[in-house]
Amino acid sequence: MRVSTVARGDGQHPNDDQTTMLVRKIPDGSVIDHIAAGKALSVLRLLGNPQENGFTIAMVMNVSSSKMKRKDIVKVEGMEISQEQVQRLALIAPRASVNIVRSYRVVAKRNAVPPRTLRGILSCTAPTCVSVREKDSAPSIFFLSGRSPLRYRCKYCGRELTEKEISSQLG
Amino acid sequence: MRRRKEPLGADAVRRDAWKGRDVISILDFSRSELESLFAAADEFVGPPRPRKDLADYIVATAFFEPSTRTRLSFTTAALRLGAKVIDLSPDVSSLLKGESLHDTTMMLEGYSDLIVMRHPSEGAALLAAELSSVPVVNGGDGSQHHPSQAMLDLFTVRRLKGKIDGLTYTVLGDNRYARSATSFLYGLTKFRPKMVYVVSPESLRPRDEITKQLKGLGLRYELRPELEQVIGNTDVLYLTRIQKERFPDLNEYEKVKGSYKLTKDVLARGKGGMIVLHPLPRSTELPYDVDSAKSAAYMTQAHLGVPLRMALLLKVLGGGGA
Chain A
94 MRVSTVARGD GQHPNDDQTT MLVRKIPDGS VIDHIAAGKA LSVLRLLGNP QENGFTIAMV
154 MNVSSSKMKR KDIVKVEGME ISQEQVQRLA LIAPRASVNI VRSYRVVAKR NAVPPRTLRG
214 ILSCTAPTCV SVREKDSAPS IFFLSGRSPL RYRCKYCGRE LTEKEISSQL G
Chain B
557 MRRRKEPLGA DAVRRDAWKG RDVISILDFS RSELESLFAA ADEFVGPPRP RKDLADYIVA
617 TAFFEPSTRT RLSFTTAALR LGAKVIDLSP DVSSLLKGES LHDTTMMLEG YSDLIVMRHP
677 SEGAALLAAE LSSVPVVNGG DGSQHHPSQA MLDLFTVRRL KGKIDGLTYT VLGDNRYARS
737 ATSFLYGLTK FRPKMVYVVS PESLRPRDEI TKQLKGLGLR YELRPELEQV IGNTDVLYLT
797 RIQKERFPDL NEYEKVKGSY KLTKDVLARG KGGMIVLHPL PRSTELPYDV DSAKSAAYMT
857 QAHLGVPLRM ALLLKVLGGG GA
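Protein sequences, first through last, are from chains A and B. Quick note on numbering: the first sequence equals residues 94 to 264 in this note's numbering. Quick note on numbering: the second sequence equals residues 557 to 878 in this note's numbering.
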């Protein structure tokens, strides 16, 4: 399939010719860049699989990156990712950046910043934690305890979840 | 809903603000608050006199795990202050019908003025405190916190050694699962010990979240594999049994069972004036013949639980000019 390589208005790195060749520009929507290689499908799942709601998705996986060596990129045509979604995105793609595109121009840039507090999203891995044993009445609450690598600490038992554990729970 | 707990603002933290507070972790209390607790507890050491400070109060004890000292010393403390005590017995209550911690807490807060709770789940007391309008005192939650035990342990050191600062502490035993050991270490972060040695077999070393916390709080400590290396420098030896009931895999327990023991021979190599503390119950790590040693202070420690918990109840409930 021939893809457009016309302008670089959607915020991809200007030297990323390989990427630009692979995926055409989108007129409106969101471009999620700097996703760790292999995580693009997890990102889509975290966004609620927008392709199932009629949105067109373009995905590039395992392309070279000056910052990350290898990375994935996801473009969702017609869907603007909210700030809340960007925050949640940080849980599996903590270095991701999101460009919001309207009429082929980037109108907003949003960096994935992990939320300080997560309620009911992650599960504690300590089997004796009250949030596990009494989960019907005690929704899990986690506090951000590290950004790089990403870590969250359970409010109730203090157990920390590693980036890998967080990713596997959400992916 | 009644709201007898006061919101804890910055001003409250700065002053000695015990009244209405939950007691979940010793980390929640400042050094000056602990010192004021110890000073109040000093008043209750010695022959008991009848008091009515808490005559208008009902204390609920809810122990979802076995307990001798914590439950009975809290009960005794409440009774000595004139309070009434109601007790939730898990084996004859609706817990047997699967009642949740949520609903149990909601009942207890309606029937009492303060809840003392022990539960096998980490975070149970914190959850109960969030639900309850009356103060919750954590009598032990899983392998995490046991604040009143740590307060008692530090109080014992202060009474027997005259100070808490400047001493060398050795915490020997199950530093992975024993909440008393963890809470004691957390308590030491509020003071200025000369050195803290944490001695245990490798598989019983403190969990990552504990060491991270201790480092973050600036406690000067070293992990050591053998008591013999440090006993000559130790002023306070804090010993715990291996917490068999908290091992996820009993095979792992079998591997470390009996791996350390305080004998009279080892004790003889200790520093003069050293004291030995143990939260009890004991297992094989503390033979009965050690009881006759001059350094054995664990029975005194257990008995001081009543005055310490009298002061604690009085401060939290605010009766009698606490």
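If you are wondering where the hints come from, they were derived from the structure by calculation, not from laboratory data. Quick caveat: nothing in here was measured; it's all calculated off a predicted structure. Among these hints, one or two may not hold up.
[What the hints assert, rightly or not] In silico SDA-like pairs for lysine to any residue, Cα to Cα no more than 25 angstroms straight-line:
no.: 1; chain 1: A; residue 1: Lys228; chain 2: B; residue 2: Lys640
no.: 2; chain 1: B; residue 1: Lys771; chain 2: A; residue 2: Lys202
no.: 3; chain 1: B; residue 1: Lys768; chain 2: A; residue 2: Lys160
no.: 4; chain 1: B; residue 1: Lys811; chain 2: A; residue 2: Lys202
no.: 5; chain 1: B; residue 1: Lys800; chain 2: A; residue 2: Glu227
no.: 6; chain 1: A; residue 1: Lys228; chain 2: B; residue 2: Val812
no.: 7; chain 1: A; residue 1: Lys228; chain 2: B; residue 2: Met662
no.: 8; chain 1: B; residue 1: Lys717; chain 2: B; residue 2: Lys750
no.: 9; chain 1: B; residue 1: Lys850; chain 2: B; residue 2: Lys811
no.: 10; chain 1: B; residue 1: Lys817; chain 2: B; residue 2: Arg780
no.: 11; chain 1: B; residue 1: Lys771; chain 2: A; residue 2: Lys228
no.: 12; chain 1: A; residue 1: Lys228; chain 2: B; residue 2: Lys653
no.: 13; chain 1: B; residue 1: Lys800; chain 2: A; residue 2: Gly131
no.: 14; chain 1: B; residue 1: Lys768; chain 2: A; residue 2: Ala130
no.: 15; chain 1: A; residue 1: Lys228; chain 2: B; residue 2: Arg802
no.: 16; chain 1: B; residue 1: Lys813; chain 2: B; residue 2: Ser592
no.: 17; chain 1: B; residue 1: Lys717; chain 2: B; residue 2: Pro604
no.: 18; chain 1: A; residue 1: Lys228; chain 2: A; residue 2: Ser241
no.: 19; chain 1: B; residue 1: Lys827; chain 2: B; residue 2: Lys768
no.: 20; chain 1: B; residue 1: Lys811; chain 2: B; residue 2: Ser839
no.: 21; chain 1: B; residue 1: Lys850; chain 2: B; residue 2: Gly874
no.: 22; chain 1: B; residue 1: Lys640; chain 2: B; residue 2: Arg607
no.: 23; chain 1: B; residue 1: Lys813; chain 2: B; residue 2: Leu836
no.: 24; chain 1: B; residue 1: Lys768; chain 2: A; residue 2: Gly131
no.: 25; chain 1: B; residue 1: Lys771; chain 2: A; residue 2: Glu256
no.: 26; chain 1: A; residue 1: Lys160; chain 2: A; residue 2: Pro242
no.: 27; chain 1: A; residue 1: Lys228; chain 2: A; residue 2: Leu215
no.: 28; chain 1: A; residue 1: Lys160; chain 2: A; residue 2: Ala130
no.: 29; chain 1: B; residue 1: Lys768; chain 2: A; residue 2: Met154
no.: 30; chain 1: A; residue 1: Lys228; chain 2: B; residue 2: Gly829
no.: 31; chain 1: A; residue 1: Lys202; chain 2: A; residue 2: Gly131
[To be verified] Residues of chain A placed beyond 10 angstroms of chain B at every Cβ, according to the derived structure:
no.: 32; residue: Arg117
no.: 33; residue: Ser135
no.: 34; residue: Val156
no.: 35; residue: Ser157
no.: 36; residue: Val199
no.: 37; residue: Thr221
no.: 38; residue: Val223
no.: 39; residue: Ser224
no.: 40; residue: Val225
Even for Gly, the Cβ is constructed at its ideal location relative to N, Cα and C.
Do the hints match the structure? See the list:
A threshold of 25 angstroms between alpha carbons decides the hint, and for Lys228 of chain A with Lys640 of chain B the separation of about 33 angstroms lies outside it, so the pair is violated. The straight-line distance between the Cα atoms of Lys771 of chain B and Lys202 of chain A is roughly 38 angstroms, outside the 25 angstroms bound, and the hint therefore fails. The hinted pair formed by Lys768 of chain B and Lys160 of chain A fails the criterion: a straight-line CA distance of about 30 angstroms is larger than 25 angstroms. Between Lys811 of chain B and Lys202 of chain A the alpha-carbon distance is near 55 angstroms, which puts this suggested pair outside the 25 angstroms criterion.
Our distance criterion of 25 angstroms between C-alpha atoms is met by Lys800 of chain B and Glu227 of chain A, whose separation comes to about 23 angstroms. The straight-line distance between the Cα atoms of Lys228 of chain A and Val812 of chain B is roughly 33 angstroms, outside the 25 angstroms bound, and the hint therefore fails. Our distance criterion of 25 angstroms between C-alpha atoms is met by Lys228 of chain A and Met662 of chain B, whose separation comes to about 17 angstroms. Distance hint between Lys717 of chain B and Lys750 of chain B is fulfilled; the C-alpha atoms sit about 14 angstroms from each other, no more than 25 angstroms.
A distance of roughly 32 angstroms separates the Cα atoms of Lys850 of chain B and Lys811 of chain B; the hinted pair therefore is violated under the 25 angstroms criterion. Distance restraint check for Lys817 of chain B and Arg780 of chain B: the Cα-Cα separation of roughly 15 angstroms lies within the 25 angstroms cut-off, and the hinted pair is therefore satisfied. For the hint linking Lys771 of chain B to Lys228 of chain A, the alpha-carbon distance of about 31 angstroms lies beyond 25 angstroms, and the restraint is violated. Taken as a hint, the Lys228 of chain A and Lys653 of chain B pair is honoured in the structure, with Cα atoms around 17 angstroms apart against an allowance of 25 angstroms.
Note on Lys800 of chain B and Gly131 of chain A: the hinted pairing is violated, with a Cα-Cα distance of about 42 angstroms set against a maximum of 25 angstroms. Between Lys768 of chain B and Ala130 of chain A, the direct Cα distance comes to roughly 31 angstroms. Violation of the 25 angstroms bound is thereby established for this hinted pair. Between Lys228 of chain A and Arg802 of chain B, the direct Cα distance comes to roughly 20 angstroms. Compliance with the 25 angstroms bound is thereby established for this hinted pair. With a C-alpha separation of about 40 angstroms, the suggested pairing of Lys813 of chain B with Ser592 of chain B is violated against the 25 angstroms cut-off.
The suggested pairing of Lys717 of chain B with Pro604 of chain B holds, with an alpha-carbon distance near 23 angstroms, which does not exceed 25 angstroms. Straight-line distance between C-alpha atoms of Lys228 of chain A and Ser241 of chain A comes to about 29 angstroms, which puts the hinted pair past the 25 angstroms bound. For the suggested pair Lys827 of chain B and Lys768 of chain B, the alpha carbons sit about 30 angstroms apart, so the restraint of at most 25 angstroms is broken. With a C-alpha separation of about 16 angstroms, the suggested pairing of Lys811 of chain B with Ser839 of chain B holds against the 25 angstroms cut-off.
For the hint linking Lys850 of chain B to Gly874 of chain B, the alpha-carbon distance of about 38 angstroms lies beyond 25 angstroms, and the restraint is violated. Using a Cα cut-off of 25 angstroms, the hinted pair Lys640 of chain B and Arg607 of chain B holds, with the two alpha carbons roughly 13 angstroms apart. Of the pairs offered as hints, the one joining Lys813 of chain B and Leu836 of chain B holds, with about 17 angstroms between alpha carbons and a cut-off of 25 angstroms not exceeded. Proposed proximity of Lys768 of chain B and Gly131 of chain A is contradicted: the alpha carbons are some 31 angstroms apart, above 25 angstroms.
Simply put, Lys771 of chain B and Glu256 of chain A have alpha-carbon atoms about 22 angstroms apart, close enough for the 25 angstroms limit, and the pair holds. With a CA separation close to 16 angstroms, the supplied pair Lys160 of chain A and Pro242 of chain A stays within the 25 angstroms bound. Distance hint between Lys228 of chain A and Leu215 of chain A is fulfilled; the C-alpha atoms sit about 12 angstroms from each other, no more than 25 angstroms. Between the alpha carbons of Lys160 of chain A and Ala130 of chain A the distance comes to roughly 12 angstroms, so the proposed pair stays at or under 25 angstroms and holds.
A C-alpha spacing of about 37 angstroms is found between Lys768 of chain B and Met154 of chain A, which places the hinted pair above 25 angstroms, so the restraint is violated. Distance hint between Lys228 of chain A and Gly829 of chain B is unfulfilled; the C-alpha atoms sit about 49 angstroms from each other, more than 25 angstroms. Pair hint Lys202 of chain A plus Gly131 of chain A holds up; C-alpha atoms about 23 angstroms apart against a cutoff of 25 angstroms. With a least CB separation of 47 angstroms from chain B, Arg117 of chain A remains clear of the 10 angstroms interface cut-off, as annotated.
In this structure Ser135 of chain A is separated from chain B by more than 10 angstroms, as the shortest Cβ-Cβ distance comes to about 26 angstroms. Every beta carbon of chain B lies more than 10 angstroms from that of Val156 of chain A, the smallest distance being close to 36 angstroms; the non-interface claim holds. Consistency note on Ser157 of chain A: stated as away from chain B, and its beta-carbon is indeed over 10 angstroms from all of that chain's, at 35 angstroms minimum. In this structure Val199 of chain A is separated from chain B by more than 10 angstroms, as the shortest Cβ-Cβ distance comes to about 40 angstroms.
A Cβ of chain B approaches the Cβ of Thr221 of chain A within 10 angstroms, the least distance being about 5 angstroms, so the stated non-interface status is violated. Its closest Cβ contact with chain B, about 4 angstroms, brings Val223 of chain A to no more than 10 angstroms, contrary to its assignment away from the interface. The Cβ of Ser224 of chain A sits about 6 angstroms from the closest Cβ of chain B, inside the 10 angstroms cut-off, so the non-interface label is violated. Chain B draws Val225 of chain A into its interface by the beta-carbon criterion, the shortest separation being 8 angstroms against a cut-off of 10 angstroms.
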